[in-house]
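Got chain A; can you put chain B on it based on the hints?
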Amino acid sequence: MIKTEKLSKIFRTDEIETTALDEVSFEVKQGEFVAIMGPSGCGKSTLLNILGLLDNPSEGSYTFNEKEVATLNERQRAKLRKNNIGFVFQSFNLIDELNVRENVELPLIYLGMPASQRKKRVEEVLEKMQILHRKKHFPMQLSGGQQQRVAVARAVVANPNLILADEPTGNLDSANGEEVMNLLETLNGEGTTIIIVTHSQRDAEYAQRIVRLFDGQIITENIK
Amino acid sequence: MFKNYIVVAIRNLFRNKLFSVINILGLAIGMAATMLITEYIIHELSYDNFHEQGDQIYRVVIQQEKGGNIDYSSIITSAVGVSIVQDFPEAVSMVRFSNPHDAYFSFNDKNYYESDITYADSTLFDILSFELLAGDPNSCLAEPRSVVLTEKVAKKIFADADPIGEIIGYNGEEHLKVTGVIADPPPNSTIQFDAIISFSTLYQMDNAYLGWDGGWNYTAFILLAKGSSPMDMQERFEDFMEKYINYKYRQHGFVLSLILQPLNEVHLYSGKDYGLEGKGRLTNLFVFSSIAIFILLIACFNFMNLSTARSVKRAKEVGIRKVSGASRNTIIRQFLGESVFLSLLALVFALILVELFQPLFNTVTGRQLHLFDQSGVIVLSIFLLMVIFTGVLAGSYPAFFMSRFQVIRVIKGNFVQQKGKPVFRNILVVIQFLISAFLIFSTLVIQSQIRFLQDKPLGFEKENIFVIPLTTDRARKGYKAFKSKIVGIPGVISCGASTGIPGRGLTKNGYMPEGLAEPIMIHVMDVDDDYLNIMEIPVIQGEGFSKESGMDTVNILINETLAKHLGWENPIGKSISRGIEMKVIGLIQDYHFASLNEDIRPLLITQIPWNGFYNLSVRLHETDTRKTMEMIQKEWDIMFPDESFEYFSLESYIEEAYRGVSGLRQIFIYFAFLAIIVACLGLLGLASYSTGQKSKEVGIRKVFGADNHSITIKLAVDFLKWVLLANIIAFPFAWWAMEVWLQNFAYSVDISILAILMTLLITLGLSLLTVIFQAFQLANSNPADVLKHE
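Note that the protein sequences, when read in sequence, are chains A and B. For the first sequence, this note's numbering gives the first residue as 21, with consecutive numbering after it. For the second sequence, this note's numbering gives the first residue as 16, with consecutive numbering after it.
Just chain A, with the same shape it has in the complex (with noise of 0.2 Å):
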């Protein structure tokens, strides 16, 4: 589904150049659990914004899907984004004037999906992160781990082939974490693929391979 060969990102201003990624080769395949583990700024969100098609890398190919999409622009991206990968984020990102369910129904008014369906769609997902009894709150009325299960379910109501993860759990205590990670272990399990980027054991033993980066080069790969 996702390969990389020899992906590089460099980061230029005016005085210094920092190599955030130097020739990063690897695979994801369909319906993989892959945690991507290192210490801070060895590139990890880096990568993970590229495979996201939230940036392109400066080198390198990327093939999503079997199609090369390193050199496409900001509206092919966004168009290829929307129709398969969701996010969650460790700060959960959601609209603050948006209620729940005006958030998690956001990435389906982008896709044009008609009200009726998406408001069935919605609830179902909701329902499934067992928050539908909070659809009508903001943000800021919830708790962090009920915010991070909204921000869950926006990332999946579309349905994604692929949901990255970055850090889902660094804003959450032990508990909200857990339920969180066991989310998208039930994701994975029902066929979506899941890359997290982490520093905790702990959430990366829920994957079944673990990159680790370093100074943006990867060192190993574990597979469980």
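Treat the hints as calculated values from the structure; they're not laboratory data. One thing to keep in mind: the hints can contain errors.
Simulated DEER-style distance windows between Cβ atoms [said to hold, decoys possible]:
hint: 1; chain 1: A; residue 1: I243; chain 2: B; residue 2: K32; range: 52 to 58 Å
hint: 2; chain 1: B; residue 1: N441; chain 2: A; residue 2: N76; range: 30 to 36 Å
hint: 3; chain 1: A; residue 1: T39; chain 2: B; residue 2: G780; range: 52 to 58 Å
hint: 4; chain 1: B; residue 1: G780; chain 2: A; residue 2: S163; range: 48 to 54 Å
hint: 5; chain 1: B; residue 1: S796; chain 2: A; residue 2: I30; range: 39 to 45 Å
hint: 6; chain 1: B; residue 1: V438; chain 2: A; residue 2: G164; range: 36 to 42 Å
hint: 7; chain 1: A; residue 1: I243; chain 2: B; residue 2: F416; range: 42 to 48 Å
hint: 8; chain 1: A; residue 1: K99; chain 2: B; residue 2: F416; range: 48 to 54 Å
hint: 9; chain 1: B; residue 1: R30; chain 2: A; residue 2: N76; range: 32 to 38 Å
Glycine is no exception: its CB is placed at the ideal position from the N, C-alpha and C atoms.
Showing chain B alone in chain A's frame:
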């Protein structure tokens, strides 16, 4: 998706109340100003557009040239129009109107005073599209002594009875037959009247001169055949004028030329093209619309500034939407939609403001305007366009700015404002205050010019003078007896009669002063021997008219300007002739007999009125003038029982004459005030925003030893320097613009440096008031609170 945008927009409004209030209020003020001015412009542009053949109708203007001096007059002699139709096949028809005069009608022993009565040709309804409500358009103005009354006057005299065929008295001396009722002329008509008497009546009157070379008392409108243009007739005009008049006038150094002015240009272009006094002024139109656009711009800039300033807060939303599948275009559309929505809300408030301020605006402009009474559809569509325009203009920069945000940066929460200083925002602030400073400076100059005009000695005392128009022959003949009756009334100081009054303008005639080979045009007024005394116009050389000499037919007085013009250092004893030779017995001090916008012209005063004195001016003691006037009226009613009594105060009449200028002043004052308020609202928003932005900086400064005082000053200066820069840029433009404006006046103030200082004081003072509270609050914050958040 639309619903989702609206939901977010509304919730954003309520979450950020200060920003919402500033934005909506600012936009509403800008829109209200634009609406009022749009109304005014639509009205001004609509003048005379209701005449169906309007594009074929022309007003006759005569250009008089003598020795390089060019004058224009739309008031011409009676025969010009007739000859044009005779000599030019293109000229299908013409209609003449006499200058409106005041008179009174009587019916069933009651008098009805009317001020705008005109004589007009029976061709009126063939050419102009005034609506005849009763009577036959072909014949109603044909017979002598026929009168067509406006609906208003007919109602007044006859109530609901049918007036057609009724005989009414005219100035107590003659009778007229009512042959028609005409709809009141619409307010956007140049031609205004209360009643129209058939022009053929004039041919039966002894004292109406209807030839080519005298009696400049008529306006003529020519209907040209379809497809004809005055341009094609231009060459023949010269021969035409030679044939009728120039062969005679040329000997005296005058050359007259004929101009046909399109009817639809009469209202707005007469002043610009021919220096003719018109109610409409093209420049006012430009000035007002620029002011409206300026205020709207200031409000739009507020919106742009506050939105981009707040963009950090909304960056996250943009990021999430992009991650959820929104493209850049959808984001742009969302933000544009949001600002259009906000504009719609502002429109609602703007409509309320317009309703509230309409009466004031009408007073200032001297028009009767209402929001939806003209052409509702046009007005409405203009306003809707305005909403969309405002929304898109205000929303465009924030929309493009925010849609550019990079997802990863905003989503990770480490989005920081673009590097360096917010250049664009500062430019907008500078432009806002530049406009404000410009308007305030202009207001101050206009204000001082008007005060200058009001305080400028007129050369006579206008206080407590009341003018009684002598409209009928009987009153004019009996004025002496009446005068002797009223001088005995306590409260009356004295009274005097004259043909003209100050502020109204005087006729000009050709005179031949001693020592000159050619006649010159001199303004002339006839007075009785008391007039100059009650007006307190001093005779500075020689003597005035004396009671002993009775009606003096050979002695005249002249003003200083005429003496100077003729180079007469000692004018007493010199002669000036027109038919007979007259001797100068006195030199009077110059006084303003016309508008203050004009120089004082040469003036000659005689005692031989051609048709009697038209005005009796009475000077009263200051106390209880109303009661004194009532006593005067009693005497009038005894003496002239059939004639109605009218009077007005000279002081208010002269003030009225300057209303155009003082209206301009008021508009400037109000709108300059609005501009600075809206600009300060924006500054308030930016200041409150930067309270958040700069809290860290302030915290660190305080930790390292800065005191509250120095921080407050630093923060205030950060804002005020832009206001100061705006002033510096504005002054040369404003100064230049005001110099140009002041050239319209014969007498004007010098622009003083004080105006600059005042403008600086006002703009800086108000800005300081706006930001100081925020700055003070920020400076007094506890650094620990701020830095802990980091």
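Hints and how they fare:
no.: 1; hint: I243(A) - K32(B): 52 to 58 Å; result: holds (56 Å)
no.: 2; hint: N441(B) - N76(A): 30 to 36 Å; result: holds (33 Å)
no.: 3; hint: T39(A) - G780(B): 52 to 58 Å; result: holds (56 Å)
no.: 4; hint: G780(B) - S163(A): 48 to 54 Å; result: holds (51 Å)
no.: 5; hint: S796(B) - I30(A): 39 to 45 Å; result: holds (41 Å)
no.: 6; hint: V438(B) - G164(A): 36 to 42 Å; result: holds (39 Å)
no.: 7; hint: I243(A) - F416(B): 42 to 48 Å; result: holds (47 Å)
no.: 8; hint: K99(A) - F416(B): 48 to 54 Å; result: violated (23 Å)
no.: 9; hint: R30(B) - N76(A): 32 to 38 Å; result: holds (35 Å)
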